[in-house]
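> The residues making up each chain are set out below.
There are 2 protein chains.
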Amino acid sequence: MSEAIDLAEKLATFSEHFSPRTVTQFNDCDVMVAKLKGEFIWHKHDETDDFFFVLKGQLDIELRDKTVALGPGQIYVVPRGVEHRPVAREEVHILLIEPTGTPNTGDARTAAPRKLA
Amino acid sequence: MSEAIDLAEKLATFSEHFSPRTVTQFNDCDVMVAKLKGEFIWHKHDETDDFFFVLKGQLDIELRDKTVALGPGQIYVVPRGVEHRPVAREEVHILLIEPTGTPNTGDARTAAPRKLA
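These protein sequences, in sequence, are chains A and B.
Residues 1 to 117 (the working numbering) make up the first sequence, in order.
Residues 1 to 117 (the working numbering) make up the second sequence, in order.
Quick caveat, the hints were computed from the structure, so don't treat them as lab data.
Treat the numbers as computed from the prediction; the structure is a model and nothing was measured.
Be aware that a few hints might be false.
[What the hints assert, rightly or not] Capping the alpha-carbon separation at 25 Å, the derived lysine to aspartate or glutamate pairs in DMTMM-like fashion look like this: (1) A/K66 / B/E9; (2) B/K37 / A/D30; (3) A/K56 / B/E39; (4) A/K44 / A/D30.
When you get a sec, could you build the whole thing from the sequences and use the hints?
Set out below in structure tokens:
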């Protein structure tokens, strides 16, 4: 990857929700953008912490005992093993970083395929 | 870390340049914010790719054979082993992600101490 990666430009290339697109990789991690709208499923990642950075919109990350509300410029890390459900009442754009190959649902059988933007 | 992390709020807690502050950790990586102004030193990280995300301002990442210009919402990954020099003509705010313990100059003897924001 030899040039600047513009996240807004990458986000403009697709419209599907809950379908992350990899924009680059570093240190065996995928850097992804995604559009969210509505409720995702309850899930957890047993081996990896889950990094969310909101670029646009308001995202609720529901945990079993509370809800973390995130707006633009805010980050939350869901610790490994902790059940969570992202909920976007309107469209939200996020930056995600995960070790390459991590299934977005916590389960390879139900995960969205990894796609490039 | 149990609540949203607001990057602008973290950036408001310090004014030093080239002195990254860790705001959270995930998967054995430090998530940091930094303020840059002026020219950093030429350096490289032999073992780790270097992730830059510009939050505010215009950052030039000089490489030996070209310059990558980054503005807000843009990312660049300097591959491991590649010499680079960040140059900020005006103050720039960035998000950095590195494996915990990576020296910011590529050399533990000259690195800025890791600080929390």
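> Checking against the hints above, which ones are violated?
2, 3
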